[in-house]
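Engineer: Chain by chain, the residues:
2 protein chains.
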Amino acid sequence: MFSDEAKRCQTNYIRRLLRYAHSDVISLAGGLPNPDVFPLPEEYNAIVNKLNLKKAFQYSSTGGINELKEELVNWMKTFNVDTNADNILITTGSQQGLYLISRILLNDGDPVFLEEPTYIGMINPLKLKDASVTSFELEDDGMNIDLLEEELERVKKLGVPKFIYVVPTFQNPSGITMSENKRKKLVDLANEYDFYVIEDDPYSKLRYEGDEVKPIKAFDDNNRVIYLGTFSKIFVPGFRLGWVVAHEGIIDKLALYKQNIDLHSTTYGQYVAAECLKNGIIQKVVSNAINVYGKKRDIMLKALEDYMENAKWTKPQGGMFIWLKLEGMDTEKLLEKAIQKGVAYVPGKAFSYYGGCESSMRLNFSYVSDEDIVNGVKKLAEVIK
Amino acid sequence: MFSDEAKRCQTNYIRRLLRYAHSDVISLAGGLPNPDVFPLPEEYNAIVNKLNLKKAFQYSSTGGINELKEELVNWMKTFNVDTNADNILITTGSQQGLYLISRILLNDGDPVFLEEPTYIGMINPLKLKDASVTSFELEDDGMNIDLLEEELERVKKLGVPKFIYVVPTFQNPSGITMSENKRKKLVDLANEYDFYVIEDDPYSKLRYEGDEVKPIKAFDDNNRVIYLGTFSKIFVPGFRLGWVVAHEGIIDKLALYKQNIDLHSTTYGQYVAAECLKNGIIQKVVSNAINVYGKKRDIMLKALEDYMENAKWTKPQGGMFIWLKLEGMDTEKLLEKAIQKGVAYVPGKAFSYYGGCESSMRLNFSYVSDEDIVNGVKKLAEVIK
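Just so you know, the protein sequences line up as chains A and B, in that order. First residue of the first sequence: 158, per the working numbering; consecutive thereafter. First residue of the second sequence: 158, per the working numbering; consecutive thereafter.
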C-alpha cells in the first residue's frame, strides 16, 4: 500500500527516547533547550502584544518576510558572514532546510559525504533518497581532511558527490569543533573538486570557552557553502523557524520546492522572531544559555571525571552534547539496562548512516537539572561497570 | 546541478499573481481571508498572555500536542465525524497534508484521479511525483461519478489509482459542492475498487445559504477516506496549521515522514489554536466570516449579473470562489490585458493537471473591499468585451 519512499521511513531513535524525558528516568538522551533560558513572559508578551496582527495572521511569501530576512542579514554579520535578503530562505526549522537540500540536489542513490558520527536529522532525509554515503571519521579538530582529499581524488573520474554535510561547531552528537585550517581547506577542496558544503550551524553562539571560529561560510568566496541557521537553540524551538544562506539560484529553487511542503513558514512566528532580534530578546537568551549550559557542561565533565571508568569523552567548548566512547561495548544493547537503572542516552548507532559507532553514546547536558546530571552520570557509570 | 524532482518544480501561478494584491490592480486572484474576520487583538492577546510559555516554546511530538488533538475531536463532531486523537495528525498547513499523502502513497509515475478543475496545491506535489492523472469534469453537483465508475471498470485489471483527490464542498476553484448522493456513491466505489478518497475540506464551515452536507468522511465506515482540515480559513493562516483525520496506520506513516520535513508543527501555534477553539474565538471567526463573505458573494454575483456578457458562472453556497467560463477565449492570454486595465484573476489552466480549462477563470470574493468587487467585475467585463 505504501510508496517505496514511505517504506524507507524508519522510526527515529531520538523521538522514541524523548518519551523518557517525562518519566522517572534521568534523560541525557534528548537535545532540548532548558526552559530556564527561554525569554521572560513579561518581556515576550510586551513584544507580541504590539504586533501588527493583521499582517502576522495572514499568508506571506514562501521565501520569508522581509523584516526577518533583514534582521538576519545583521545577525549573520556577527558571524563574519556578509549576505543579503535575496540569499536567505526562511525555513520551518532547520530540519526543513536539510530536507529541502536533499530534495533539490539528490537523485535516488546519489553519493553523499558525511562526518562520522553525524547529525541524525540529516541521516533520515538521505535514507529517503537511498543515498550512497561515504563517512569520514571525526578527529579532535574535525573531520579527517586528508582522507577526504584522497577519496575525492579516487572518485573524481567516477563522479564526486553533490555535497558534503558537516556540523563544524560543537557538533551534534560529538561536541567537536572543526579547526579554522580545516575549514579553509574544505572550501578549497569544494572549489577544486566541484561540490557543495552544507554547513549546519545551530550551536556556534553557545560558546563557553576558547576563541570563536568563523563559520565555513565566512571563507566561501565562490558560493560553495549552503549555510543553515536556526532559532531553536538561540531563541525557542516552538515556532519551528530556521534559515538557509546560499547563492540566489539555490535559494530560489529551495523556495520553489518549499511551496509544495507548507507554502511558507509561520508569518506570526517570523514577526515575533524579527522583533525579538531587534529588541535584544534573542541576544539575552543567548547570554542566558551560555551561563546555564556552560555551568552544566562543567558539572557533567566533573561527574565523568569522578565516576566514569574505561571510557573516553570529548570536552566540547560549547553546544549541548558530549560524546562518550566505551571499549568494545554495544551501547544499543546497554540502553535497556541503563533505562532500568534510571538513566537514558542515545546510542552511537543512531548517528551513523550505516550503523557504526556501536560503542559510543551521546550525552546531553542542557536539559536536566544540575543534580540530575551528576546522578545520571553516576547511574550510567554503574551500569557500564 | 539540480535533481530530477527539482527540475519538475514549476513556478506557481497564484504565487506570482498574489503580488498584484499589493499594487493598484484589483486582485480577484488571491485566496486570502479578509483581515476583518481575524480575531480581535484584545481577545487574542488575552489568550496568548495566559499561555504556559515553557511548554509553548519547547519542542513537541511530531503527531501534534494532545490538547489540540482533543479539541479537534470535538470540532470534528460538529461535522458529524466521530474520531479520536490517535486518528489525527497536526500538519504545517493542509498543504503539508497534501504533500505527505502524495509521498507516502505514490511512486513516480503512479496513476491518480482528480476533479477538473482541481486545487492547485495538489497539482504541484503530484507533478513532483510525475503522476499519471485522469481528470473527471465537475457537474453542478460535483464530479461525474458515472464516468468515474466506467473508468474504474476499465482500469481495474491494469491497476486502480491509489487515490482520488476531491474538494467536495465549495471547491477551490469552482465553488461547486458535491451532492450527498455522490458522496455516498464515491465511498461505495472506494470500497468496491479499493482506493482512498482524499477529502480536502477547508471551506465547509463557510456556508452562506442552503443545507449543510456532511463530509464524505461521515459516510466512511471502512477507513477509505483521508480527511484534511485547516485553520487557515476558520481562524488564521499565519500559524500554518492544519490536520489530517485517517486510519491510525496512515497517521503513523504520515507522522514518520513528517519528522524528515519539520520534526513537528509549531508548538506555540498549536497551544494558541487549542485555546481559541476552547474559548470560542474560532467559532467567532467563523460566524464573522459567514457575515462578511456571504455579503461579498452576493455583491459579486450581482455585479456579474449587471455587467458580464457571454459568460457563465457558478453560484456557490459558500467558500471564497466563483468559477467563470467564457466562450472560446484563452483566459491566460487575456490576463495581461486585464492587468493593464487594473484587474487580476487566476486563469483556469492553473487548476488543470494537463493544462485544460483554458476558457475559465477563478474569481475570489473574500479579500477585496465591497466596492472593489464591483469595480473589478466591471473592469473584467470591459476587458472581455
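Just so you know, not all the hints are guaranteed correct.
Which copy is meant is left open, so a pair is good if it fits within one copy or across any two.
Stated by the list, open to error - With a straight-line Cα cutoff of 27 Å, these simulated DSS-like cross-link-like pairs (lysine-lysine) come out:
#1 K542 to K441
#2 K459 to K536
#3 K435 to K212
#4 K482 to K314
#5 K212 to K286
#6 K435 to K207
#7 K435 to K506
#8 K498 to K284
#9 K536 to K371
#10 K284 to K542
#11 K313 to K164
#12 K494 to K286
#13 K371 to K435
#14 K284 to K164
If you are wondering where the hints come from, they were derived from the structure by calculation, not from laboratory data. In this text, all values refer to a predicted model and were calculated from it rather than measured experimentally.
Engineer: Now tell me, hint by hint, if it's right for this structure.
Structural biologist: Hint-by-hint comparison with the structure:
1. K542 to K441: neither (42 Å within a copy, 62 Å between copies)
2. K459 to K536: Answer is within; shortest intra-copy Cα gap is 15 Å, inter-copy 76 Å.
3. K435 to K212: both (18 Å within a copy, 24 Å between copies)
4. K482 to K314: neither (37 Å within a copy, 57 Å between copies)
5. K212 to K286: Classified as neither; 37 Å inside a copy, 34 Å across copies.
6. K435 to K207: both (13 Å within a copy, 24 Å between copies)
7. K435 to K506: neither (41 Å within a copy, 43 Å between copies)
8. K498 to K284: This pair counts as neither: shortest intra-copy Cα distance 33 Å, inter-copy 51 Å.
9. K536 to K371: Neither: 38 Å inside a chain and 57 Å across chains, both beyond 27 Å.
10. K284 to K542: Neither: 35 Å inside a copy, 56 Å across copies.
11. K313 to K164: between (32 Å within a copy, 25 Å between copies)
12. K494 to K286: Neither, since 34 Å and 45 Å both go past 27 Å.
13. K371 to K435: within (23 Å within a copy, 48 Å between copies)
14. K284 to K164: Answer is both; intra-copy 10 Å and inter-copy 21 Å each pass.
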